[in-house]
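One letter stands for each residue in the lines below.
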Amino acid sequence: MVTELNPVTSSVNTSPNPSMRLLIVEDDRESADYLVKAFREVGHVADLASDGEEGLALADSGDYDVLVVDRMLPKRDGLSLIGTLREKGNRTPALILSALGQVDDRIKGLRAGGDDYLPKPYSFAELLARVEVLSRRHGGPAEETVYKVGDLELDRLSHRVVRGKEELTLQPREFRLLEYLMKHAGQVVTRTMLLENVWDYHFDPQTNVIDVHISRLRSKIDKGFDRPLLHTIRGAGYMIRDGIR
Amino acid sequence: MGAFGKLIRTTAFRLTLVYLFLFALFAASLLAFFVWNTRRLITEQITTTVNSEVSELNELYLRSGLGRLTWSVARRALRPGANLYLITAPNGVALEGGNISALAPGVMATTGWSETVYRRLDETDNVDHRALVKVTELSNGFRLLIGRDLEERRRLFGIVAKGTQWSVLVVIVLGICGGVFVSRRVLQRIDAMTGTAQRIMAGDLTGRLPVGRSGDELDRLAGNLNAMLERIEALMNGLKEVSDNIAHDLKTPLTRLRNRAEEALARSSSEADYRAALERTIEESDGLIRTFNALLMIARAESGQARGNMDDFDAAEVANGIYELYEPLAEDDGMTLTVKTAAAPLHGNRELISQALANLVENAIKYGKPAASAQPLGIKAAREIAIEARRDGDAVLLSVTDHGPGIPEADRKHAIERFVRLEASRTQPGSGLGLSLASAVATLHGGELRLGDARPGLVATLVLPALTGERLAAPAQDVPQKVA
Numbered sequence: 001m002v003t004e005l006n007p008v009t010s011s012v013n014t015s016p017n018p019s020m021r022l023l024i025v026e027d028d029r030e031s032a033d034y035l036v037k038a039f040r041e042v043g044h045v046a047d048l049a050s051d052g053e054e055g056l057a058l059a060d061s062g063d064y065d066v067l068v069v070d071r072m073l074p075k076r077d078g079l080s081l082i083g084t085l086r087e088k089g090n091r092t093p094a095l096i097l098s099a100l101g102q103v104d105d106r107i108k109g110l111r112a113g114g115d116d117y118l119p120k121p122y123s124f125a126e127l128l129a130r131v132e133v134l135s136r137r138h139g140g141p142a143e144e145t146v147y148k149v150g151d152l153e154l155d156r157l158s159h160r161v162v163r164g165k166e167e168l169t170l171q172p173r174e175f176r177l178l179e180y181l182m183k184h185a186g187q188v189v190t191r192t193m194l195l196e197n198v199w200d201y202h203f204d205p206q207t208n209v210i211d212v213h214i215s216r217l218r219s220k221i222d223k224g225f226d227r228p229l230l231h232t233i234r235g236a237g238y239m240i241r242d243g244i245r
Numbered sequence: 246m247g248a249f250g251k252l253i254r255t256t257a258f259r260l261t262l263v264y265l266f267l268f269a270l271f272a273a274s275l276l277a278f279f280v281w282n283t284r285r286l287i288t289e290q291i292t293t294t295v296n297s298e299v300s301e302l303n304e305l306y307l308r309s310g311l312g313r314l315t316w317s318v319a320r321r322a323l324r325p326g327a328n329l330y331l332i333t334a335p336n337g338v339a340l341e342g343g344n345i346s347a348l349a350p351g352v353m354a355t356t357g358w359s360e361t362v363y364r365r366l367d368e369t370d371n372v373d374h375r376a377l378v379k380v381t382e383l384s385n386g387f388r389l390l391i392g393r394d395l396e397e398r399r400r401l402f403g404i405v406a407k408g409t410q411w412s413v414l415v416v417i418v419l420g421i422c423g424g425v426f427v428s429r430r431v432l433q434r435i436d437a438m439t440g441t442a443q444r445i446m447a448g449d450l451t452g453r454l455p456v457g458r459s460g461d462e463l464d465r466l467a468g469n470l471n472a473m474l475e476r477i478e479a480l481m482n483g484l485k486e487v488s489d490n491i492a493h494d495l496k497t498p499l500t501r502l503r504n505r506a507e508e509a510l511a512r513s514s515s516e517a518d519y520r521a522a523l524e525r526t527i528e529e530s531d532g533l534i535r536t537f538n539a540l541l542m543i544a545r546a547e548s549g550q551a552r553g554n555m556d557d558f559d560a561a562e563v564a565n566g567i568y569e570l571y572e573p574l575a576e577d578d579g580m581t582l583t584v585k586t587a588a589a590p591l592h593g594n595r596e597l598i599s600q601a602l603a604n605l606v607e608n609a610i611k612y613g614k615p616a617a618s619a620q621p622l623g624i625k626a627a628r629e630i631a632i633e634a635r636r637d638g639d640a641v642l643l644s645v646t647d648h649g650p651g652i653p654e655a656d657r658k659h660a661i662e663r664f665v666r667l668e669a670s671r672t673q674p675g676s677g678l679g680l681s682l683a684s685a686v687a688t689l690h691g692g693e694l695r696l697g698d699a700r701p702g703l704v705a706t707l708v709l710p711a712l713t714g715e716r717l718a719a720p721a722q723d724v725p726q727k728v729a
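In order, the protein sequences belong to chains U and E. 95 is the number that the numbering used here gives to position 95 of the first sequence; each next residue is one higher, with no gaps. 428 is the number that the numbering used here gives to position 183 of the second sequence; each next residue is one higher, with no gaps.
Hints in this document: simulated from the structure, not taken from any laboratory. Remember, it's a predicted structure, so these values are computed and weren't measured experimentally. Honestly, I wouldn't trust all of these hints.
Stated by the list, open to error - Simulated restraints, written as ranges between beta carbons of each label pair:
# : chain 1 : residue 1 : chain 2 : residue 2 : range
1 : E       : Gly638    : U       : Lys148    : 52 to 62 Å
2 : U       : Asp60     : E       : Arg520    : 34 to 44 Å
3 : E       : Thr256    : U       : Glu53     : 45 to 55 Å
C-beta: ideal position from N, C-alpha, C; glycine also.
Produce the entire structure from the sequences given, and follow the hints as far as they go.
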C-alpha cells in the first residue's frame, strides 16, 4: 500500500539528541534489563530503579530528561511516584508503562501527572519514539509560529504551507498531520502517536488507515520534488527530515 | 428445639409478642376503667338511696316519735332485698325493728359514712358480709344506721376479674398461635429462599427462587433476586464463552507462532531466513495482542465498567470523524465512502462509540465489495459505503451501509458472536471481533446493534438512546463534507 520512497533508513538509530538521560523504574528484572540495554544501544544513558521508593529518590536527585515508570511497582506505585514528584515541583516528563491499557486507565495516568501512557505489551520502537518526543518537549518548547524543514514551510497562524516557491493546498486534517510531523521534525513518530495526537482516537485500528493518510500527504508535499522529506521508518513509523545526511 | 428457637427468633414472632403485650395492656386498662366507673356508679346509687331514706326517717322521728320510727324501720326491714337498719339507744343497746345482728365494734360511735362487716338477723350462716352504712344522730342520743350490702359490687368485681383472666388467657393463646402461624409461613418461604441461595452459592447457577402469586414484598424480593441471578448467569456464561473462545482462537495462532520459531531454529541457515522468521513472529504476536485487546475491551463494555467515562456529544461528530479517518482508505480500496449527518445528541463514551463505528466501516471496506456477478445497481453506486447519523424519535441511529454480499438473515444473530467469521470472509485478515465489540458497545449504552438488508448488501446500525433535554453540541466545523 505505502510506497517506500526511502527504504534505506531502516535503523531507528537516528536519534537527534543522543545524550538523553533516562530513568527506568520497573520491577520486572528482565524487561528492565532489556530496556536499559536497548536504550544504551541507541546511545542514551539509562539508570534503573526496581521499586517505587528507589525510583522516587533517584528521580528527585538526578537530572533526568525522561522518566519511564511502570504503573504497578512494589513499595510505591507509579502514579503515586509521579504525583509526589509533581507536588515537589519536579516537572521531568514521565511516560507511564502499564498492563492496564483501557481509556479510563490512560486518563487516570495522565491526570496523576504523567505526560504519556503506553500500554503493555509495547514495541521498543514505539517507546523510543515517544520518549524522544517527550524529551524534546522538556528541553525547549517547539512552539514557533513557522515550522521549517528543508524548503518546506508551514505557517501555523495563516495555515499556509509552502514548498520551495510553490504553495500547497492541504485539507484541514492533512494540515494538522503535517503540523505534528514538523513539530517533531527529525524524530520518529509512530502510527499510534499520530492517531492519538492528530485524530484524538486511542483505539487500535485493524487496518492501515494512517498509512493511507500519510501517503496522501506525501503525494502533496514530496511528489515532483527531488528531495523527499517525509520518510518511512520501517518497523517504527514516520519522520520528516531534510533528506539523508 | 432448633426449629422452635429459629421460629421464636423470627421478626414476625417478635412483632407478635410486642403486639400481644400492647393489646393486653389496652384490654386491661379498658377493663380497669370500666370497673372503676361501675364501682363509682354503685356507690353513688347507694349513697343517694341511703341519704333519702335517712332524711325520710329522720322527719318521721321528729314528727311522730321513736315508736313510729321503729315500727316503720321494722316494716321496711322485712321487705325482700331490704337495706340494712339499726337503731340504738343512748346507752348503745340496739332497739327492736332493725335487721342487723352483729356489727364491727365502734361503727355506731361515729356518725357519717363508713364501710363495715356485719351479720343479718334473718341469716343463720354466721358469715360476715360487707356493707356501706351511714350513721345519723337523732335527738335525745338515739342513733340510726342505714346501709346497703356490698355483695353486688363484690360479685361484679368477681365477674370482671374472672373475665379478665379468661380473656387475657385467650388473647395470649390466640396471639401466640397467630404469631407461630405467621412466623412459620414466613420462615418456610425464607428457608426456601435460603436453600436456593445456598445451592446457587454451591455452584448451581440455574437455580431460581420460588415466587408466590400474592405479589407481596417477599415475592417482589424473590422476583428481583431472580432477575439478578439471570444477569449473573448471563455474565458467567459470557465469561465461560470468552475463555473457551480464547482457549480455542488464541491457541491456534500461538501454536503457529511456536511452530514457526521451531522451524526457523531447525532449518534456517542464513541471517535473512532468521530475520524473515522473526519478522513474521513479531507480526503474528502483534495480531495476538490486538485480538487480546479487543477481547478485553468487549469484556469491559459488557460488564458495564466503561460507564464512568461518559459525556454528552453529537453522534454526527463521531460519524464525520470516522468518515474523515477512513475516506482515504476506502478510496484506496476502490470504494467510495460517504457521510450524511443530522444532529443526533446522545450521552455515552465517545471513544467506544467511535471505535464501534470504525469497526463497522472497516468491515464494510473489507467485506462490502460487490460480488462479481450482475449487480442491479450501477457499478459506482455498488461500490459506495454510506455512513449515516440521525435521530429517530428517542433513538440515535448510526448506520453503515454497503452493497456487498450482505449477511443472510439466518446468519445475522450468529455474526455478532465473538470470533465468528462467516465462510466468505475466512481468508480476510481480522480477529472476527468487530461486530461483537460494536454490539457490546451498543448494549453498554442501553441500545443494540441491528443488522439488516440493504438489498443488496448489509446495513449495520448502532441504535443508541438519544439524549433528551436537547443539549445539542455544535456540529464539527473542520470536517470536509465531501459527498460523492
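Query raised in the report: Does the hinted range 45 to 55 Å hold for E/Thr256 and U/Glu53 at CB?
Result: Distance hint for E/Thr256, U/Glu53 holds at roughly 53 Å.
Requested in this report: Determine whether the Cβ-Cβ distance between E/Gly638 and U/Lys148 falls within the hinted range of 52 to 62 Å.
Outcome: Holds, since E/Gly638 and U/Lys148 (Cβ atoms, about 54 Å apart) stay within the stated range.
Report task. Go ahead and decide if the range 34 to 44 Å is satisfied by the Cβ distance of U/Asp60 to E/Arg520. Result -> Given a distance of about 43 Å, which is inside 34 to 44 Å, the answer is holds.
Every hint from the earlier list agrees with this structure, and none is contradicted.
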